[in-house]
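Please construct the entire structure, taking both the sequences and the accompanying hints into account.
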Amino acid sequence: MSAGGALLAIGGLQAFASYQAARAQAKGLAAQSTMARLQGQQEALKYKQQGVAVLDNILRTKAAVNARKSAGNVDPFSGSGLSLMNFAQATGTREYAMAENNALIALRGGEMQAGMYMTQATATMRAGLLQGLGAFGQAYATKSLIGNQPILGA
Amino acid sequence: MAEAPKYRPLGVSVATMPAINYAAAGQAQARVYDQLNRGLDTMFRFATEKATAQAKIEAAQFAFENPVTAEQLEIAVAEGRDISEIVGDQTTVFGGVTAASYATQLSTELNKELTKKISAYDAQIAAGLFVDPDAMQKDLTAMIAGHGDLVAQIDPSAGLKYNASANASASVVYKAALEHKLKMGQAVLKDGANAMMDALPNAVKSIFSSHKGDYVATMGLVANEISKTDDAIIATGDYAFIQSGRESLRDVVEQEQINVLTDIAMKSDEAMSAALTMGNFGSDHTDLFLNLDDDGKAKVREAIRTRRDAKINDDKVTRTLKSEQAKKDAHSLMVVMQDSEYQGNEYNEAVDGLQRIAMAYPDAVTPSMITSLDNALDPTKTETPNYVGEFEIRRRILAGELQTSKDVRNAAIELNVSAKQMIQVLPLLRTEEKEDESRVEKSARSYSKIVPGSDPTRDQSAAYYNFVRQVDQRHETAVAEWQAGGEVGPRPLRSSVSKGLELELRQSVEQTNLDREVAFLTQRFGPDGTTPLNITITEYTTEAEIRQALIDAGYEGNKLDDLMRPVAGMIYKIKEARNKRDALND
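Sequence order for the protein chains is A and B.
Going by this note's numbering, the first residue of the first sequence is number 1, and it counts up by one from there.
Going by this note's numbering, the first residue of the second sequence is number 1, and it counts up by one from there.
Treat the hints as calculated values from the structure; they're not laboratory data.
Incorrect hints may have been included.
To be verified - List of simulated lysine-lysine pairs, DSSO-like, C-alpha gap at most 30 Å: (1) A:K46 - B:K6; (2) B:K56 - A:K143; (3) B:K6 - A:K62; (4) A:K143 - B:K183; (5) B:K190 - B:K212; (6) A:K48 - B:K6; (7) B:K138 - B:K183; (8) B:K56 - B:K161.
Okay, structure coming up:
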């Protein structure tokens with residue numbers, strides 16, 4: 001093999017290596033994107049669970065007020081009983097709404113992170129391709145500058 | 001009353017915002033464009049280099065096909081045109097290359113002119129002509145400056161290079177001119193100093209000869225002469241010349257003092273005796289002798305003795321030669337007496353001649369011999385011839401037993417042969433003697449290389465007499481041995497002795513010549529020679545043996561031929577010297 005041929009071969013190998021490196025890095029980033037999406041969903045589920053706990057707490061409080069007032073022969077749905085139940089309902093509803101919003105934020109955050117990773121993966125893949133092309137192009141340019149014997153040489 | 005149950009909040013609070021890295025995505029995208037940019041950069045660089053290389057080739061080709069001469073540039077400069085119109089814009093790649101090419105072309109062209117001028121100066125110096133270094137330097141500097149400026153207008157760095165290289169070339173010839181000038185000056189000074197050194201001994205001798213007893217004044221004059229010569233020697237500035245010149249000055253005073261004193265002593269026998277015994281050299285010069293140290297005085301005495309011995313020797317040789325001639329003349333006159341009329345005019349003149357010889361050289365002829373000869377030739381006297389004795393004398397002469405007239409006379413008395421008969425055989429002796437002497441003389445002339453009919457030089461005369469003296473000594477020894485051995489065989493001839501001596505001396509000379517030629521060859525090809533070979537060089541070494549030794553040593557082709565080239569001549573000289581030596585034994 002001539003020195004020029006060797007240059008091209010090395011350039012080709014360099015291009016292949018760049019492509020493979022970019023591909024591996026892109027794969028990693030894609031996997032990390034999936035993981036980020038799962039993490040977002042998991043966080044959202046935690047907040048939903050918290051919302052359910054809030055609803056339970058409202059019911060538990062209302063039941064306690066009802067039971068206490070009924071035991072004292074007081075109408076639980078009027079007077080202070082009603083007021084306590086309304087308070088429980090209002091405070092609990094505020095907490096529930098917050099937990100719902102948190103779940104939504106966690107879900108969207110995970111998706112956005114996953115999107116970022118996917119963008120990085122795509123860019124890395126493109127950069128690898130261009131680097132490979134560049135390496136091969138440089139090998140070709142170097143070979144051309146070194147030159148060769150003329151076609152009609154003696 | 002128990003407190004009514006109340007809603008207890010679970011503590012739900014607003015969740016913190018998830019940490020999302022937006023920058024990393026942007027950076028990744030930026031890397032893509034960065035990579036793209038790098039690729040484009042590489043392509044741009046490649047395209048630029050390619051275009052630059054192409055432009056350089058085209059520019060060089062253009063410069064080659066459209067050369068610019070120094071004349072064109074000079075015209076352009078004179079017309080005030082911009083030089084870039086001719087050589088191109090040097091800020092561009094194309095222009096830069098064309099300018100560099102033109103600068104190179106121009107440098108070569110101008111360098112040729114400069115080299116021509118330098119060579120002309122060089123040739124003048126080599127031919128020994130005087131070249132003024134300052135004028136030459138001015139001429140070359142002006143030329144180099146003009147050339148350098150012209151080249152620098154195209155390419156300043158090429159101009160600087162041209163200046164450096166041209167000045168380096170010029171400096172060589174300038175140095176040679178300076179050395180030549182100095183050498184010429186030194187040669188003139190040396191010539192003057194040599195002339196003074198040659199004249200110094202005579203000048204000093206003249207001062208010593210004119211010495212009138214005032215030693216201080218005389219030595220002052222001598223010191224003045226020495227000082228003048230010494231100044232001339234020092235003025236040459238040549239260390240070796242000064243060293244050898246001053247060394248030769250040291251002995252001049254003493255030597256000339258000795259010469260003058262010896263001359264005075266040799267004026268007469270009395271003067272010599274006074275000088276040797278009392279150190280008296282007359283009223284004027286005795287103090288010269290007395291002022292010498294013991295070593296100098298001893299040298300004066302030695303010089304006087306040497307000259308005295310030489311004079312005695314010369315006188316002896318002259319006397320011997322004249323005596324020999326007198327003997328020959330006596331024999332001739334005896335023959336005249338025998339052949340002419342008894343007591344006629346011619347006869348009487350011959351008798352007178354014999355008497356003159358007898359007075360001057362008694363060993364050549366004695367008065368009694370003249371009387372007995374006269375009696376023998378007297379026609380009035382008759383006597384009975386003794387033929388037996390006469391033939392015995394003849395035999396002895398021819399056998400070489402009798403060689404002189406004295407020998408013959410003694411033999412005649414012994415054998416009772418009359419004087420008249422003795423006179424009759426004398427011509428036979430004379431012929432023998434003459435032949436013998438002529439052989440001796442021939443050998444002496446041959447050895448001392450005296451051409452017959454030419455005036456011999458002093459050295460040739462010295463060699464001649466030295467040879468004859470050696471023949472005399474050897475002949476006397478040979479005769480003594482012959483007599484001691486009972487006089488068996490012929491009496492040794494002087495010519496045989498001289499032939500033997502000549503052969504011996506010439507063999508020594510020819511052997512020396514042969515040894516020298518063999519030494520030359522050994523210095524070249526012997527084991528320690530310039531081209532060491534595994535061969536023993538002798539007078540019988542052949543060309544083929546040397547060639548084989550060279551081949552064995554690994555020489556071949558042109559190198560072998562080069563080394564063999566002088567061998568044939570050297571071998572021929574050895575052979576010739578050997579033949580000359582061997583010819584002496586034939």
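Tested hints:
1. A:K46 - B:K6: holds, 26 Å
2. B:K56 - A:K143: holds, 19 Å
3. B:K6 - A:K62: Between K6 (chain B) and K62 (chain A) the Cα gap is close to 9 Å, so the pair holds against 30 Å.
4. A:K143 - B:K183: violated, 65 Å
5. B:K190 - B:K212: violated, 34 Å
6. A:K48 - B:K6: Holds. K48 (chain A) to K6 (chain B) sits at ~24 Å (cutoff 30 Å).
7. B:K138 - B:K183: holds, 21 Å
8. B:K56 - B:K161: This hinted pair holds, its Cα atoms lying about 22 Å apart.
Going down the numbered hints, you'll see the structure goes against 4, 5, while the others check out.
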